[in-house]
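Residue numbers (the working numbering), protein chains in the order written: chain A, 1 to 854; chain B, 1 to 432.
Everything labelled a hint here was simulated from the structure, so no lab data went into it. Where hints are given, some of them may not hold.
Stated by the list, open to error - Okay, the calculated bits of chain B under chain A, using three or more residues with CB under 8 Å as the criterion:
| # | segment |
| --- | --- |
| 1 | 334–340 |
| 2 | 348–355 |
| 3 | 382–388 |
Where is the CB? At the ideal position from N, CA and C, for every residue including glycine.
Listed below are the residues making up each chain.
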Amino acid sequence: MITVTIDGRKIELEKPVTILEAARGAGIEIPTLCSHPSLELWGGCRLCVVEVEKMPRLQTSCTVSVADGMVVRTETPQVAQARKAMLEFLLINHPLECPVCDKAGECKLQDLTVKYGAAAGRFEEGKRAYPENTDDPIIVRNMQRCILCTRCVRMCEGVQGAYAISAVGRGNKSYIEPFSGGRYDCEYCGNCLSVCPVGSIMSRLHRYSYRPWQMDRKVNTICSWCGVGCTLALEVRDEEIKRVTPDFGAGVNKGLLCCRGRFGYDYVASPQRLAKPLLRNKCGELDPAGWEEAYDFIAGNLAKITREHGPQSVGAIVGGGCTNEDGYLLQKIMRGLGSNNIDSISRLGLLPVQQIIEQALGPGATANLMEGIKISGAVLTVGGDPTSFNPVLGLQARAASRLNKPVITIGYAPGMKRHRSLSLNCAPGQEGVVLAGLLKEIFNIRPVTGDNNSLGEAIGRWQDILPSAGKVSELSGAAALDIKSAAKILAETHNPSIIAGRELASYGMGKANALLLAAIAYMLHAKVFLMSELSNEQGLADVGCAPELLPGGGSNSEKGLTLMEMIEAAASGGLKALWILGENPVFSLPGGDAVTQALKKLDLLIVQDIFHTETSGLAHAVLPASGWAETEGTYTNLEKRIQLLKKAIIKADRPENWRVLAGVGSRLSLDMAYNKTSDIMDEIAKVSSVHAGLAYKDIENGPVWPYNGKPPVMRRTPALFENSRDLINQMINDADAQKRLPGFRLALHRPLAHNGYMGRNSRALLKIDGGPRAILSNGDAERLGLEKGQVAKVSGANGAFKFKVELCADVPEGVIYASNVFKGAGAMGLAGYRLDPETMIPIAVADGLKVEKA
Amino acid sequence: MQYILNYTEAPDSATLAGYERAGGYRGFRKALGLESAAVIDIVKKSGLRGRGGAGFPTGMKWLFAFQDPKTPKYLLCNADEGEPGTFKDRRILEKAPHLLIEGMLIAARALKAEQGYIYLRGEYPAAKKTLELAIAEAYQKGYLGENVMGGGGRFQLSICRNAGAYICGEETALINSLEGKRGQPRLKPPFPVSVGAFGKPTVVNNVETLANLPFIMEAGAEAYLKIGNPQCPGNKLFPVSGHVDRPGLYELPMGTPLKEIIHNHAGGVKGGKALKAVIPGGISAPVLTAGMADCPMDFISLPRYGSMLGSGAVIVFDETTCMVKVAWRALKFFEYESCGKCTPCREGTGWLRTVLERIEAGGGRHSDIALLEDICNNIIGKTFCPLGDGAAFAALNFIKHFRADFEAHMGGRCPYENSVKSPDAGSGRPAA
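Given the sequences, and given the hints that come with them, work out the whole structure.
The following block contains the structure:
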């Protein structure tokens with residue numbers, strides 16, 4: 001126990017912290033500019049100086065650790081004089097233009113000058129002058145105002161790991177600049193501007209449009225861009241989100257944001273938003289209609305189709321960004337009609353992979369806290385680049401690397417290139433082979449012992465079919481030596497983390513791959529994190545948006561159709577009506593024209609979305625959806641943590657989705673008597689065992705699965721391992737066959753600034769990343785005579801698109817990564833699919849593509 | 001007796017053969033026969049203090065690094081001689097590079113370091129050439145390499161060139177620069193002896209310090225202690241420049257009085273003019289008046305005169321020198337070399353320079369003197385590293401000792417004939 005005296009108060013501390021932390025813990029405020037709790041110690045601004053007894057000079061409280069018996073004084077005449085002097089120095093080169101600076105009112109320099117500064121300056125010589133730099137479309141740099149605290153640089157290097165900016169020049173002529181010069185060549189996380197204490201690095205998106213004190217409200221809510229579920233605050237003026245601000249003390253992200261969350265909020269106020277319901281008239285055109293009219297139309301037609309063709313002829317698909325409440329209501333409508341044809345976008349990866357892993361390792365095995373990643377012994381990532389799938393989760397993997405933990409990536413993960421110790425690179429679809437090789441090597445070092453359970457037995461049965469490192473290398477291209485050293489690193493470490501993305505199951509044998517992953521996790525006592533591309537994939541599965549699951553995860557034995565089966569049923573005429581809430585299957589699913597043709601056959605297609613999409617053009621009824629920030633509800637993140645979404649825009653032009661769903665539901669004689677979203681959660685809490693008793697007030701603390709209730713009894717699936725040997729064998733054979741295919745193989749590139757198809761509606765995100773891109777290997781590009789920035793044409797049996805070329809060392813030869821974001825240039829349009837009978841995932845099939853200079 | 005410069009004056013002194021003929025590598029051979037602890041013990045007993053400026057006991061520094069359990073350990077030679085007026089290391093680097101290599105071999109033997117770096121001033125291209133040749137020769141002859149002298153273990157030596165920043169002479173900034181980072185000082189603690197280059201225990205020694213080691217090993221600690229002041233024994237290199245008849249480099253025992261250096265060795269003030277001021281230890285050492293020239297030149301005595309030994313560089317000014325201009329020129333240097341990490345140094349040095357510039361150009365007011373003193377006091381004791389303190393102390397002492405010069409400027413123009421009209425004209429170098 002350490003006892004220190006600060007300003008006459010005795011403070012007891014368990015472990016040595018800095019004087020600043022000790023003082024703040026005791027409620028004693030010491031002014032600082034350069035220090036920040038999320039950043040490396042610096043000690044540059046010299047504002048936090050204090051007097052320490054028995055020390056000859058003033059000490060910077062942000063860097064000096066307390067020692068037992070230390071006596072500190074934070075406010076003495078000497079300290080006040082030093083602070084006054086430091087502020088005078090800082091103001092020498094700081095323009096006094098607060099009246100035109102957006103930071104005024106929340107500027108730390110301004111606040112401290114008011115408190116400690118001199119009334120007038122004594123500096124009469126000329127100030128340093130730099131022109132404001134507006135080369136970047138998002139971030140404006142005003143280096144005249146910069147006080148060189150380097151918080152932004154320390155954030156960029158030490159936390160974000162982007163290494164995009166640096167202090168340039170020396171002494172009082174230093175300034176901060178991106179290495180790329182004017183425009184940033186970075187990840188646009190905006191965390192640099194979060195930590196800028198003055199008005200030097202600011203967002204251009206809302207310049208000169210507010211004063212901090214003029215905001216109507218500040219609402220703490222959850223980001224909707226991906227399944228991390230970052231906490232952020234929306235600041236609203238005149239019913240428009242002016243800006244997004246972080247909270248460094250709260251949430252799973254502790255203030256860190258990514259470019260989508262930080263800058264991608266403007267779509268909410270887009271004039272392109274759907275405003276009125278549209279109903280197809282007799283001439284086949286979409287006509288505006290009133291809400292009541294739309295409810296009647298939809299309810300009437302649903303009832304009619306059910307009556308005429310049976311309940312199995314209706315179905316619904318829920319998009320990954322919908323709240324638990326919305327998802328619950330839509331599945332309630334479907335099940336109320338007697339149909340189990342309800343599925344969500346979680347079917348494309350998260351749900352099937354999770355089901356296999358949790359059946360193998362136990363329920364809740366994938367509910368782990370992200371903050372554990374950086375302190376785990378090692379990190380293994382597979383099936384997607386965590387820094388673009390779930391950017392803030394990716395930061396945890398980078399943090400582990402910074403703490404000298406080994407980080408191993410399998411496959412394409414360019415965001416980890418500076419933060420991994422080993423890359424087992426392979427083509428998409430070959431991840432399973434690498435996992436199999438890794439498992440074999442791990443088994444050699446650390447055999448399964450003791451546990452007499454089904455997984456352990458199964459692993460034993462796989463042994464003779466697992467490929468050797470040499471064979472893996474031959475099939476996948478990952479170096480045999482690297483596979484061996486990766487296995488050694490993982491086998492010798494304690495409690496590693498495995499981060500897996502849905503691509504584990506997008507290009508090949510999802511079940512085999514997931515079983516291998518579960519086996520590795522089992523052997524290593526690893527924690528498994530399943531990336532969730534969209535914000536509520538987990539929650540939708542939990543509230544019953546799956547044909548085989550009831551709310552709470554209880555199994556449903558009655559037959560229903562999964563996502564792709566519904567599309568196929570529409571094509572074959574078995575499905576007559578489909579309600580699509582917040583999803584754009586024509587664009588997002590592989591199969592291209594086949595999906596369009598299938599949807600065209602429907603008697604009733606209801607599309608509820610916030611913008612017109614490729615799919616809404618086919619609909620018989622288009623319902624404008626309420627967006628994020630316009631509705632209350634809950635999201636469940638990839639940790640299986642349930643979190644509360646708040647309404648920031650109060651006077652929205654459209655009814656919230658749940659009111660629309662309830663409007664239709666009540667016309668179908670279903671009990672939809674809800675006054676607010678919490679009423680829906682109260683009902684979920686009654687019917688779902690995991691949510692049992694959960695109310696909104698409990699959600700404030702972000703409870704983790706099994707939220708408040710009991711985990712469901714997991715259905716014993718002896719079949720889980722029954723065919724596992726065959727599946728793994730088949731997976732290895734598939735990999736071998738795939739290797740020999742001619743032409744290019746297509747895989748999905750997930751740009752950092754976009755997620756799904758929503759980013760194309762954000763002007764800010766389009767400024768960051770405005771067009772379709774294709775990533776090629778250096779070797780292929782050279783062979784084809786293509787250079788970075790040139791336009792390439794990619795063509796195949798399903799069509800042809802043009803993409804701007806980028807090069808990346810992580811891309812194996814013969815593979816092209818292309819984005820699926822922009823209208824008319826979605827990579828999925830090139831792909832056919834086959835339905836994996838084990839996981840019911842539509843596996844994108846796009847081989848034999850031709851790439852040429854456009 | 002000289003034991004450093006004698007090597008630089010021997011025929012073919014820069015070559016291995018010439019150096020060996022002059023008696024080189026005998027000290028290292030002796031160290032080869034001793035255990036690490038014994039070598040450290042001899043250096044500790046010798047009382048050798050670092051010649052980079054701070055005067056920290058070398059043996060002690062070694063012991064800290066030696067006792068740290070982390071490995072590997074790194075030996076860094078600070079050859080970033082950037083202090084204005086200082087040209088002592090340069091002579092060794094250009095004329096007796098093997099003396100430095102031998103010194104580093106002894107230090108490496110003591111520390112069990114297997115990798116050494118010479119962090120060389122970027123503006124020393126000739127030194128780089130001679131060092132490269134000398135290192136190549138030393139590898140060829142087996143002084144350096146995987147198996148030093150067939151049984152001395154591994155020692156690799158590389159040169160890392162500074163890109164032109166004075167601050168990289170500060171050891172933690174030097175380490176940052178060596179690692180490829182921005183040349184700015186690091187927080188201490190942890191000190192380099194425990195967390196230095198690449199996070200490992202690291203000893204940073206000055207060229208001249210290392211050049212003392214061959215003699216200490218060969219002659220023994222006792223003999224070394226007999227030279228100079230017992231509290232800071234040994235010879236010291238004194239680069240003398242400015243208004244003297246024979247500017248140059250002199251190797252004299254520690255504690256030699258300043259006036260003896262100026263008058264007996266450097267030939268007295270040029271042209272028979274009267275002595276006005278002396279900077280005794282490079283530009284960061286506060287200026288002394290002519291009346292203080294009886295000061296013994298060592299780490300102990302100079303602080304009693306309100307200055308410090310620093311690099312030992314003696315800069316002499318005669319009676320015709322404008323001390324405002326000297327102060328302005330000094331501050332111009334500090335402003336340019338301030339790394340920008342901490343507020344008082346970054347902004348304060350520039351402010352001091354602009355005020356001095358205005359006074360020298362004829363725009364001074366009497367209140368400016370108090371302003372200058374106030375700025376200095378606002379810097380002193382609040383900077384991250386000693387650079388800012390050095391600048392402010394230097395400025396404060398110019399005012400303290402030569403207030404009359406400052407006051408004489410308030411009439412509107414510089415009273416000294418050879419002063420330039422606008423101090424900012426041209427390159428800013430002091431006029432001849």
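Exercise for the section: Given that the segment 382–388 of chain B was listed as covered by chain A, double-check it with a C-beta distance under 8 Å for 3 or more residues. Expected result: That given contact holds, which follows from 3 residues of the segment 382–388 of chain B lying within Cβ reach (below 8 Å) of chain A.
Practice task
Confirm or reject the coverage of the segment 334–340 of chain B by chain A under the rule of 3 or more residues with a beta carbon closer than 8 Å to the chain's beta carbons.
Solution key: holds (count 6)
Exercise for the section: Three residues minimum, CB to CB under 8 Å: does the segment 348–355 of chain B make the cut for coverage by chain A? Let me know. Expected result: holds (count 6)
Taken one by one, the earlier hints all hold for this structure without exception.
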